[in-house]
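A.B. asks: Going line by line, the protein sequences match chains A, B, C, D, E and F.
Converting from the first sequence to this note's numbering requires adding 2 to each position, the first position being numbered 1.
Converting from the second sequence to this note's numbering requires adding 2 to each position, the first position being numbered 1.
Converting from the third sequence to this note's numbering requires adding 2 to each position, the first position being numbered 1.
Converting from the fourth sequence to this note's numbering requires adding 2 to each position, the first position being numbered 1.
Converting from the fifth sequence to this note's numbering requires adding 2 to each position, the first position being numbered 1.
Converting from the sixth sequence to this note's numbering requires adding 2 to each position, the first position being numbered 1.
No lab work stands behind these hints, which were simulated from the structure alone.
A portion of the hints provided could be inaccurate.
What the hints assert, rightly or not - Simulated crosslink set (SDA-like; lysine to any residue; CA at most 25 Å straight-line):
id: 1; chain 1: B; residue 1: K320; chain 2: A; residue 2: V268
id: 2; chain 1: F; residue 1: K187; chain 2: E; residue 2: S72
id: 3; chain 1: A; residue 1: K25; chain 2: B; residue 2: P269
id: 4; chain 1: C; residue 1: K249; chain 2: B; residue 2: F201
id: 5; chain 1: B; residue 1: K12; chain 2: A; residue 2: S36
id: 6; chain 1: B; residue 1: K12; chain 2: B; residue 2: D77
id: 7; chain 1: D; residue 1: K293; chain 2: D; residue 2: E14
id: 8; chain 1: B; residue 1: K156; chain 2: C; residue 2: P184
id: 9; chain 1: A; residue 1: K25; chain 2: F; residue 2: S30
id: 10; chain 1: F; residue 1: K25; chain 2: A; residue 2: H83
id: 11; chain 1: B; residue 1: K160; chain 2: C; residue 2: K160
id: 12; chain 1: C; residue 1: K249; chain 2: B; residue 2: P269
id: 13; chain 1: D; residue 1: K187; chain 2: A; residue 2: G90
id: 14; chain 1: F; residue 1: K187; chain 2: E; residue 2: D248
id: 15; chain 1: A; residue 1: K317; chain 2: F; residue 2: P35
id: 16; chain 1: D; residue 1: K187; chain 2: A; residue 2: E253
id: 17; chain 1: C; residue 1: K187; chain 2: B; residue 2: D248
id: 18; chain 1: A; residue 1: K156; chain 2: D; residue 2: E14
id: 19; chain 1: A; residue 1: K249; chain 2: A; residue 2: R111
id: 20; chain 1: F; residue 1: K249; chain 2: E; residue 2: H121
id: 21; chain 1: A; residue 1: K320; chain 2: F; residue 2: H82
id: 22; chain 1: D; residue 1: K160; chain 2: D; residue 2: P84
id: 23; chain 1: F; residue 1: K187; chain 2: E; residue 2: E253
id: 24; chain 1: F; residue 1: K187; chain 2: E; residue 2: D250
id: 25; chain 1: D; residue 1: K160; chain 2: A; residue 2: G90
id: 26; chain 1: C; residue 1: K5; chain 2: C; residue 2: N26
id: 27; chain 1: B; residue 1: K249; chain 2: C; residue 2: K187
Keep in mind that this is a model prediction, so the values were computed, not measured.
6 protein chains.
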Amino acid sequence: MTKQIPWQEKPEGCTDVMWRYSKNPIISRNAIPSSNSIFNSAVVPFKDGFAGVFRCDNKAVQMNIHAGFSKNGMDWEINHHPILMQQGNTSMISSDYKYDPRVTFIEDRYWITWCNGYHGPTIGIAYTFDFVNFYQCENAFLPFNRNGVLFPQKINGKYAMLSRPSDNGHTPFGDIFISYSPDMKYWGEHRNVMQTAPFEESAWQCTKIGAGSVPFLTEEGWLMFYHGVINTCNGFRYSMGAAILDKDTPEIVKYRTKPYLLAPAVPYEQTGDVPNVVFPCAALHNTEEDKVAVYYGAADTVVALAFGKISEIIKFTKENTLP
Amino acid sequence: MTKQIPWQEKPEGCTDVMWRYSKNPIISRNAIPSSNSIFNSAVVPFKDGFAGVFRCDNKAVQMNIHAGFSKNGMDWEINHHPILMQQGNTSMISSDYKYDPRVTFIEDRYWITWCNGYHGPTIGIAYTFDFVNFYQCENAFLPFNRNGVLFPQKINGKYAMLSRPSDNGHTPFGDIFISYSPDMKYWGEHRNVMQTAPFEESAWQCTKIGAGSVPFLTEEGWLMFYHGVINTCNGFRYSMGAAILDKDTPEIVKYRTKPYLLAPAVPYEQTGDVPNVVFPCAALHNTEEDKVAVYYGAADTVVALAFGKISEIIKFTKENTLP
Amino acid sequence: MTKQIPWQEKPEGCTDVMWRYSKNPIISRNAIPSSNSIFNSAVVPFKDGFAGVFRCDNKAVQMNIHAGFSKNGMDWEINHHPILMQQGNTSMISSDYKYDPRVTFIEDRYWITWCNGYHGPTIGIAYTFDFVNFYQCENAFLPFNRNGVLFPQKINGKYAMLSRPSDNGHTPFGDIFISYSPDMKYWGEHRNVMQTAPFEESAWQCTKIGAGSVPFLTEEGWLMFYHGVINTCNGFRYSMGAAILDKDTPEIVKYRTKPYLLAPAVPYEQTGDVPNVVFPCAALHNTEEDKVAVYYGAADTVVALAFGKISEIIKFTKENTLP
Amino acid sequence: MTKQIPWQEKPEGCTDVMWRYSKNPIISRNAIPSSNSIFNSAVVPFKDGFAGVFRCDNKAVQMNIHAGFSKNGMDWEINHHPILMQQGNTSMISSDYKYDPRVTFIEDRYWITWCNGYHGPTIGIAYTFDFVNFYQCENAFLPFNRNGVLFPQKINGKYAMLSRPSDNGHTPFGDIFISYSPDMKYWGEHRNVMQTAPFEESAWQCTKIGAGSVPFLTEEGWLMFYHGVINTCNGFRYSMGAAILDKDTPEIVKYRTKPYLLAPAVPYEQTGDVPNVVFPCAALHNTEEDKVAVYYGAADTVVALAFGKISEIIKFTKENTLP
Amino acid sequence: MTKQIPWQEKPEGCTDVMWRYSKNPIISRNAIPSSNSIFNSAVVPFKDGFAGVFRCDNKAVQMNIHAGFSKNGMDWEINHHPILMQQGNTSMISSDYKYDPRVTFIEDRYWITWCNGYHGPTIGIAYTFDFVNFYQCENAFLPFNRNGVLFPQKINGKYAMLSRPSDNGHTPFGDIFISYSPDMKYWGEHRNVMQTAPFEESAWQCTKIGAGSVPFLTEEGWLMFYHGVINTCNGFRYSMGAAILDKDTPEIVKYRTKPYLLAPAVPYEQTGDVPNVVFPCAALHNTEEDKVAVYYGAADTVVALAFGKISEIIKFTKENTLP
Amino acid sequence: MTKQIPWQEKPEGCTDVMWRYSKNPIISRNAIPSSNSIFNSAVVPFKDGFAGVFRCDNKAVQMNIHAGFSKNGMDWEINHHPILMQQGNTSMISSDYKYDPRVTFIEDRYWITWCNGYHGPTIGIAYTFDFVNFYQCENAFLPFNRNGVLFPQKINGKYAMLSRPSDNGHTPFGDIFISYSPDMKYWGEHRNVMQTAPFEESAWQCTKIGAGSVPFLTEEGWLMFYHGVINTCNGFRYSMGAAILDKDTPEIVKYRTKPYLLAPAVPYEQTGDVPNVVFPCAALHNTEEDKVAVYYGAADTVVALAFGKISEIIKFTKENTLP
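Construct the complete structure from the given sequences, taking the supplied hints into account.
C.D. replies: Structural data, given as structure tokens:
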């Protein structure tokens, strides 16, 4: 990936591995006329710029996903209307709501996964070639599930997806699993990948965890940003960490950050429709330049950016890994 | 109603139907020496200005209601001591606490309703002619109830009151009902008026709803502002919508906003004793000038004002109604 | 009341104030072809025998009330079809379900109250002259309420009803209130009558209490049987006590049993659809003979009878009263 | 199916569609030396008699499944040791616990499904040719799931399985879904089949439902016995109903009993390790003789039998269907 | 201990390590006139027979402890009035309620511990020389605690007590701890002794555990019977196991039964005020004759007896120990 | 205490008894490189300045305590590494986590108490002479406990500690107790000191309360700052009050503030890892100058300072005491 991705150098004096963009949030809650909030959204390189799929809750607080485009990855034009799905590998494209999309390019097309409302939350799948026409496929799993994230290439000849089995409410528990599919229609070979951490060892990820960005390959394996949650007496607090999964058998976690990489600490993360949320959904990377830009939802209200050096993140993850 | 009500024109570029007063909050949390917070309060035209009844929680966080006066509806003098009730149509004027008042003028006097603590929350009723002497009447209902709002005139010869049956805690459910009384002492003919909306259709009002301002008559029927609540993983979020009820049979909802009209989005609504609360309790209107000014509690801490054109609100409500 | 009521002498050696009928249960769960269970039902003297209104849950476990007749109060013919209500003082006779009826004769007719499903449980009211035609009136209260019990005569010129404000679920709390009505349509003057007892003093009634049988006048005042509930680690246990209320101001409790009078201890009370339930709904009394027969639902499955001497019950209640 | 299945004629005077075996329970809680309880088990015709897979909780209350054999379907020899799984289509045959098995013959072998503990409850799959050697396959789904039931033949060329998505606890909700697989390894095309009934219409199945016996074809479609649950104040009560699913598109429910067919009413159903449970897991049928014998777990403690005429069950289901 | 303890030989054909007394329950719920139930009680050899302290809930369901005496340990005379405490090592002998006593002889007197109500449940301590005069001492611990059990001799010069820290409700968790005291007044050196077992390994003790009988010395160490609890969908189920603790450092668990020794399986254990409870509080042993008799509360309603051979219990515990 | 303590005069126009330092917070969340937050910490005069023990949650959100030093009590150098405990009066110094420390000088050394993770939260004890070497002692109590605060001198020859018995979660209840020890190893004579206030009287302290700062002697008795909690629909809100305990029998509360002295009202108290928290842990006082400086954690994120005149606080507490 050699495209120029969004970037800003680390602020002077900053000793953290990752840092916030100084002009955050890059997408405000009312960036389109109908929106109550825009957050938990995903982007990919597209043509000479970037395309993305954005969670836009409207002012009735109906959750839906919209397509959007940008030249530089920071300034975005988001469609005012939700994506209208056409039939992909199924005629059953029922959807009570759509939220928390991720986008991945595999082989010849862009795949979108999201939390799809079908008798409860499950993982919806669609593909597009152009971010204009979208084709919805069979839901990957039975409810209740959230945070479905595809790998950007087949593994051992099969599509692979991370997800977080959930319940029908706010889900005060949850591990990350992986599932495989030969055809994006039938899924199996489910494996537990990562579990919540013991409170004593890493409390920010002791209540539940969920895959965040689409993993990308590094020398050490698949690098993925994920969220972890602690249940305080005043609600859930969502922070971000990184995990490195084995290249060929990604249910094997090689390293995983014991400290978080980013946690709610600035006003647009600490206040909003759901206070204290940092929720990564995408990562643009430039391996040559050793850069990664993470898109994350902040306080369930806006979209923000954080940056880091890939090599430093890998080093930090290895040196500060959970056992 | 031809009196000059509080007003500020819509800010340039604003595309919303209602907008906030630029000098919000109009009443700060410590506007009287003893107060922890002042919010969820109601006002009416009175003499050459306005009078009101204000929820003032003191620094022991005891909830009580105070009278107040204003020339312009924006700058208020609030009594430092709570209202001392005299006996109205009963000698039983027990009250463990008083909060969330509404005020209505009917025929010859001002009626106050509030959440009255009598073996749990129920609806207290009192009247005054002068906002100096207040006469407490029988509680309208058995506990547990909140958000009692009187119509400003008799309907089919009877007083009419909206309310929200509740439980003895934070009540994670609740519809709006109407009840009738021939005499402000005995109540009956209870009817369900509005129910919570399905999550998929209008999530901001999917957990519970409650009457807000005293309804006023428009060509389409009774226009009332109400609050709706969504239960997020970090607590309740209170927003404001509008409903138009049938003139003669107000248990019939003609229209009701699917999108909210105002939701927590600025600091004084997003942080405070209870974050993310917009809670309307009164609306001053001037039909000739097509104006309405809504008083709402913000974050259970302060009082704020929002404005709108009546005709635009009606048009918006009709065009964006829940089925 | 001089009619011959059901009766069986106290078993030899029994030292309790009340005792069970040796042929309990008197009505089995499948006494009519469609029934899953018949329980929590009420009877009154009628013509040369007795009539009653019976809670019959059918095999879809829909709750409804049926009329029934008996010569001796022990052997009952229960109608196979639920009561079909006609319009009484209202055209709004909606009912999602009906359960736990009580029956009272006042002046010229029999009044039935029950838990009526109208957007949650509330108190339904109907009257009949003949137990053939029933006329449904306005619900007494807003939801959520259960255990509405009328006094058998007007008090100070008004109808009086006990009830237990509740929530929309299994209600882990609840006191007995009284309300008054001039006309069986509008209700007010709500007063708290009895509260749950402290765990340390009388644990069987520490979670919630509810009026049971229609009160009847004794020299000491209104004698009423009520149920009390303790929340064990394996669910609610319902027992029966007695209270004596002031004749003219029945919100005044003169005496109230600290020990229970009857608690689940035999198989038909200990096992069934809801184990460990003794739930009184009616009491036939014969003052001349100093007898009372209490009808109670057992284990939410069958109807049973208990007997006692009125004078002994009064004496016991006075000598063992809660402070 | 022409084999002689267990049978006992309807007792005289019985007006129910299904009736209990007079010698119930057929398998006692301590039928093998190590067992705490044996219940929720499944049987199929096998050779000249029957074979089955039995849930045997041992005295450490570890849940596991055992094979067993019977000549007449009533008297069973159950292996003293749990089934030891060999690798089927996977090497990952991890299992923290196994419970609630079902057995189905498809094409050339017997398939067993059960609730398999793998980071929470999910659906385990295994096959056997002889009830001696068992080969465990990939779990069908991600956790959390229970009550996986296979159809006895492929539908439109694919295996079909009913299941009930759940949570990680006692699950106070739950619908029946169907999923399809080309190969017993990857699953998809998930559809909601049946939902819980409204409390007002059929309360015994208002909390959750789950597939019970393996469906078998009748003239009207697939006949399946399922369980429904109501949440009383003293816990869950499990009853049994029947549903008829469309032959070619079994996600279409043609008919479904509004009344239950069997509900806890006798001591071995009302008391035991979990009181008030009737839980069907298998049905032997003889179409020629119009007979069906349902095996059900009672009170999570023993195995019992109920009988019925297939034609009567179908007639009853059609005439008493939920809308 | 050479006294003749209650005993009955193992029934023929019984393969269990422990067995029930055929005349259970030995104490009925109404063994004294005022009692609602008598259970969870403890006994010791005393003079030429036995004495005990009995939990008697009266008919107000107030919990208290009574003294009682028996010649043979099976037939008991229980005092009709609760123990009236005198001041022991403190003047603060407040007690809202008393339940679940244990009795131990140490050096020169009998010590009673029980769950004492002082701003929540904690461990009360008293001593007696004669079971007539009782002297109450300082509560051992802060609330919230239950199941305090003393060792029958000092260990390393200090008194030692097992207990189960709890919460202020039904406590869905709980381990056994040990604490030491030089003087029965001040306690410290608190150590965790035994934790709940993983659900997968021994579900009957996966929710909470609590010390039961006073430990007695065997060749292998201290043998103690304890209760374990599983939380079913219909409530807690209490069973009994055994543990062997190190003689000199009893916080070391040498062996502990993975299977239970006794679990609710007969009517007086399965139904009652709290169904499905087996709760050991005392064990009389005769080492010479290799006998032990365990007193346990059944269904929170009555007292029952179980027997076993000490050598067999030790052998079973060693051979079936939790890791 | 005549040392110069941190101080700032009351702002002009302020009518409150206590006021915030204008440069709050004095310690930022990232004051040391590894910290996620620094809050709920305690200080004492030490040598020519001050020393303290600080709760530093690191970026894995592991809770631990660090030593720190300051010349003026406002500018602090905090050690980058947690305190490494040596063995005090025990070899058992296990600790899963350490948080919310308090520090007290008694006789010859500084004692630290904190919430110590040992099979749940309990009260850890350690001493130091120099804030370099720390010696950990036996935990004072069994779990579950929090907010252990020592008195600065023996009372009647014994050490005295306040604490708040808790549960193993967020604890929605809790009173303050006192316990005594002859030797800092064994504890007893537990007494309830202060209970939560009725909602109607003082809602800010109606859910739970906990000791805050180490008490110091005044003419009226021991003056202690404590926290109180109200459970709003959006979580707990922690405020600060004061209590005056009897000099010789400190379980006697002489006075206690009905209004709070400080409640969350500024951004660093209203937003952070846990919004709306004011949590006092230490108070430096100068009796000669009539000054007190209270250190409190704000929003579980930073450390802040509030000031007051001792005489005014005493006067206010006496005049505004809870009954």
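A.B. asks: For every hint, state whether the structure bears it out.
C.D. replies: Now for the hints, and whether the structure bears them out:
no.	hint	result
1	K320(B) with V268(A)	40 Å, violated
2	K187(F) with S72(E)	41 Å, violated
3	K25(A) with P269(B)	19 Å, holds
4	K249(C) with F201(B)	51 Å, violated
5	K12(B) with S36(A)	18 Å, holds
6	K12(B) with D77(B)	20 Å, holds
7	K293(D) with E14(D)	17 Å, holds
8	K156(B) with P184(C)	20 Å, holds
9	K25(A) with S30(F)	23 Å, holds
10	K25(F) with H83(A)	48 Å, violated
11	K160(B) with K160(C)	20 Å, holds
12	K249(C) with P269(B)	58 Å, violated
13	K187(D) with G90(A)	23 Å, holds
14	K187(F) with D248(E)	23 Å, holds
15	K317(A) with P35(F)	18 Å, holds
16	K187(D) with E253(A)	18 Å, holds
17	K187(C) with D248(B)	23 Å, holds
18	K156(A) with E14(D)	65 Å, violated
19	K249(A) with R111(A)	22 Å, holds
20	K249(F) with H121(E)	23 Å, holds
21	K320(A) with H82(F)	22 Å, holds
22	K160(D) with P84(D)	30 Å, violated
23	K187(F) with E253(E)	18 Å, holds
24	K187(F) with D250(E)	20 Å, holds
25	K160(D) with G90(A)	20 Å, holds
26	K5(C) with N26(C)	22 Å, holds
27	K249(B) with K187(C)	23 Å, holds
Consistency note: the structure conflicts with the earlier hints numbered 1, 2, 4, 10, 12, 18, 22.
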